Amino acid sequence: MQSVVLLKNVNKSFGSAGRPTTVALKDINLEIGPREFISLIGPSGCGKSTLLRTIGDLIEVTSGELLVNGKPARQARINREYGMVFQAPVLFEWRTVLKNVELPLEIMGVPKTERTQRARAMLKLVELQNFERHYPWQLSGGMQQRVAIARALAFRPELLLMDEPFGALDEITRERMNAELLRIWQETQTTVVFVTHSIPEAVFLSTRVVVMSARPGRISDIIPIDLPYPRNVETREHPHFFELVTTVREALRKGEEMRET
Amino acid sequence: MDIALSPVRSARRVAPALAVILIILTLVVAWELIKLMFNLDKRTLPHLWEIAEAFGQPSRRNGPPLISVLIEAALYTLRGALLGFFIGAALGFVLGTLFAHLPLLERSLVPYVVASQTVPILAIAPMVVIWLRGSWWSVPVIAAYLTFFPVTINTLRGMRSPDPRAVELMGSYAASTWQTLWKLRFPSALPAIFTALKIAATASVVGAIIAELPSGVQQGLGGAILNFNQYYITGPERLWAAIFMAALVGILLFVAVSAIERIVLRNIVRGA
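Protein sequence lines, in the order shown, are assigned to chains S and G. Just so we're aligned, residue 0 is where the first sequence starts under numbering that gives the first Met the number 0, counting upward by one. Just so we're aligned, residue 0 is where the second sequence starts under numbering that gives the first Met the number 0, counting upward by one.
Simulated from the structure, these hints should not be mistaken for laboratory data. Predicted model only: the values in this text are computed from it and were never measured. Honestly, I wouldn't trust all of these hints.
As the list claims (entries may be wrong) - Partial list, computed: chain S residues near chain G (C-beta under 7 Å):
(1) Gly55
(2) Arg76
(3) Arg79
(4) Phe85
(5) Tyr134
Stated by the list, open to error - Computed Cβ-Cβ distance ranges for the label pairs, DEER-style:
(6) Glu126/S to Ile22/G: 49 to 57 Å
(7) Gly166/S to Val263/G: 32 to 40 Å
(8) Ala29/G to His133/S: 47 to 55 Å
(9) Ile221/S to Gly170/G: 23 to 31 Å
(10) Glu64/S to Val118/G: 53 to 61 Å
(11) Gly166/S to Leu74/G: 53 to 61 Å
(12) Ser43/S to Arg265/G: 34 to 42 Å
(13) Arg265/G to Glu113/S: 26 to 34 Å
(14) Gly44/S to Ala258/G: 48 to 56 Å
Built from N, CA and C at the ideal position, the CB exists for glycine as well.
Produce the entire structure from the sequences given, and follow the hints as far as they go.
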């Protein structure tokens, strides 16, 4: 089966003339299959956000091969094959909730009635159908982030890129959003690449956790998560959940030690 | 419920009006106090009631009352000011938008835009009049000259104000520059643009009045001010009346722009 994301020996360095270059990503090799939920986890500065942005072609790679749905990342972006969710909801404050979800469809030139129909369906998916006429400032942080997810899914992308989407939410809201995201992922059959700082969040959500370490940013371990579905509140209390959390934590520590030696 | 709330509600509605009246009263008292304390004669500072009285009296023998002369002059000046305001605002918007998208153009042209505003308008105005062969068009052109600057600078700043992630988001949709301009940059820039338009509204009136002086345009407030200046010794209150009328035109334009701003930006609640 064709991979959704394929990274071969990808390197990325930042720098301008006369300044020492920083190696943000070094020798990244990763293949992500259809319907996978991949978490990128690692300390600050390990390049996990950079990696996500290179997949989205928001940052160009310095060297190596990067294919999205078998095409160069740029082509995939132009074909609108992925949706993006940031840590902040980045909603347009002058648009209603419905109009915010319609935004990508407007840009793609989808006719008005179809646009509204699809946006309404997405709002139903994130359970905000009663808020379509509200403005972003009238919603809580968690609701705003759900609007952002609905917007990213509005044009039914095969790939969803999420950069710490729940990082600014409190623990309780965050756990609820995790469960909701899993449900949406299962209903929409999308592939997800998810950047996070939180080990339990990564374990709960993912099919595989990609552990990264810093300076230079590289992949130090990939841990498959074999927790059964459906995953719910009980999953978080399962002994195997704790085993996997420990495994990821140890992998993170090992990655740090490798750097020091 | 309603009975309990209504005094609060009406107080909220009355309070601003009360504040306006209080400020006007304070200014009137201050005016007359200064006149009294420094023992100023009529030529230095006439009584406010003398100015008020002058509005009702004919400005020329057997002529219409001063107020109708001044209203006519104000409407005439307003025409030039408004046209200049629209030309300047359009020019400023186009320049600001271009600068926001073309950093090279910004770096090479913005210094000249700034320099244009350091040249005294009084020196420029006679030249414009000569270039335009003394036509009425020198009035809106000079008004536009004062208007375009704040609009250019604020459009530039406003167009660059969106959250970088919002720009990235548009990039992730492969949105064109044109789409990003109309769907993101322009709405983000509106609050800054309206701030500039309010400054420009008053500047356009000043520009129109100044432009009328060297153009030999007699029908406007500029002509009236020039005329009453010459007879200041015999009737200082008439010049003061003309000044009040000029201020009123500026305030009216400002209030009009503010009203449009409130309608356009009604859905944007900042810091809520």
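Pairwise beta carbon distance, Gly166/S to Val263/G, judged against the given window 32 to 40 Å: 34 Å, holds
Cβ distance range 53 to 61 Å for Glu64/S and Val118/G, holds or violated: Check passed, 58 Å falls within 53 to 61 Å.
Satisfaction of the Gly55/S interface hint, Cβ to chain G closer than 7 Å: At 6 Å from the nearest chain G Cβ, Gly55/S passes the 7 Å test, so the hint holds.
Cβ separation of Gly44/S and Ala258/G, checked against the hinted range 48 to 56 Å: With Cβ atoms ~51 Å apart, the hint holds.
Ile22/G and Glu126/S - C-beta distance against the hinted 49 to 57 Å: With a Cβ separation near 52 Å, Glu126/S and Ile22/G satisfy 49 to 57 Å, so the hint holds.
When the least beta-carbon distance from Arg79/S to chain G is tested against 7 Å, hint result: 6 Å, holds
Consistency of beta-carbon spacing, Leu74/G to Gly166/S, with hint 53 to 61 Å: 59 Å, holds
Interface restraint verdict for Phe85/S against chain G (beta-carbon cut-off 7 Å): 5 Å, holds
Cβ separation of Ser43/S and Arg265/G, checked against the hinted range 34 to 42 Å: For Arg265/G against Ser43/S, whose Cβ atoms are near 41 Å apart, the range 34 to 42 Å holds.
Chain G contact restraint on Arg76/S - CB to CB distance below 7 Å: 6 Å, holds
Interface hint for Tyr134/S, Cβ within 7 Å of any Cβ on chain G: Because about 6 Å separates Tyr134/S from the closest Cβ in chain G, which is inside the 7 Å limit, the hint holds.
Cβ distance range 26 to 34 Å for Arg265/G and Glu113/S, holds or violated: Distance hint for Arg265/G, Glu113/S holds at roughly 29 Å.
Checked against the numbered hints above, the structure violates none of them.
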